[in-house]
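Peer 1: Construct all of the structure, not just a fragment, from the sequences and the given hints.
Residue numbers (our numbering): 1 to 120.
Treat the hints with care, since some could be wrong.
Unchecked claim - Below 30 Å or equal to it, Euclidean Cα-Cα: the simulated DSS-like pairs (lysine-lysine) are:
hint	residue 1	residue 2
1	81	60
2	4	45
3	45	60
4	72	91
5	56	79
6	4	56
7	93	79
8	91	79
9	6	45
10	72	56
11	81	45
12	72	60
13	72	93
14	81	93
15	7	45
16	56	91
17	60	93
18	81	56
19	79	60
20	91	60
21	79	45
22	91	81
Honestly, the hints are just simulated from the structure, not real lab data.
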Amino acid sequence: MISKTKKNIIFSLGLVGLLLGGLYLINIPMELPPEHQGIFEVTGKVESCSFRSLTKNSSKFFLGIVLAGSEKIYRMNLKYKERYFYESLCKSKARVNIRYHAVQRLIGPIRFWVDSIEVR
Numbered sequence: 001m002i003s004k005t006k007k008n009i010i011f012s013l014g015l016v017g018l019l020l021g022g023l024y025l026i027n028i029p030m031e032l033p034p035e036h037q038g039i040f041e042v043t044g045k046v047e048s049c050s051f052r053s054l055t056k057n058s059s060k061f062f063l064g065i066v067l068a069g070s071e072k073i074y075r076m077n078l079k080y081k082e083r084y085f086y087e088s089l090c091k092s093k094a095r096v097n098i099r100y101h102a103v104q105r106l107i108g109p110i111r112f113w114v115d116s117i118e119v120r
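Peer 2: Here it is as structure tokens:
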């Protein structure tokens, strides 16, 4: 007979395994529709930005940029030392040129990741 402690350990390991398997499945890349394949370029005025830390003690943060007249959120993961530049870019509502590519995972919508930003 298996003790209660051993049952709890087996259950916990099984739960961790399921969680890790789920995280792996979420990150499986999918083939994009033809209209979203390749590198794209868009020019426009910054309408809004969102800044979020990736983790509590991380030196990296997430930036989401929306251009005027667009519903797409252009995403970037950056280091904190770069944050001041992007905060001032967003405050000034600068006109920018963004090069980006699309990514789709097994679960979730198509997301647009920034390759480069140039201020116009």
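Peer 1: Against this structure, judge whether each hint is valid.
Peer 2: How the hints compare with the structure:
no., hint, verdict
1, 81 x 60, "holds (9 Å)"
2, 4 x 45, "violated (62 Å)"
3, 45 x 60, "holds (25 Å)"
4, 72 x 91, "holds (19 Å)"
5, 56 x 79, "holds (14 Å)"
6, 4 x 56, "violated (35 Å)"
7, 93 x 79, "holds (21 Å)"
8, 91 x 79, "holds (19 Å)"
9, 6 x 45, "violated (60 Å)"
10, 72 x 56, "holds (27 Å)"
11, 81 x 45, "holds (24 Å)"
12, 72 x 60, "holds (22 Å)"
13, 72 x 93, "holds (16 Å)"
14, 81 x 93, "holds (20 Å)"
15, 7 x 45, "violated (58 Å)"
16, 56 x 91, "holds (25 Å)"
17, 60 x 93, "holds (23 Å)"
18, 81 x 56, "holds (16 Å)"
19, 79 x 60, "holds (4 Å)"
20, 91 x 60, "holds (20 Å)"
21, 79 x 45, "holds (23 Å)"
22, 91 x 81, "holds (17 Å)"
In terms of the numbered hints stated before, the structure departs from hints 2, 6, 9 and 15, listed from lowest to highest.
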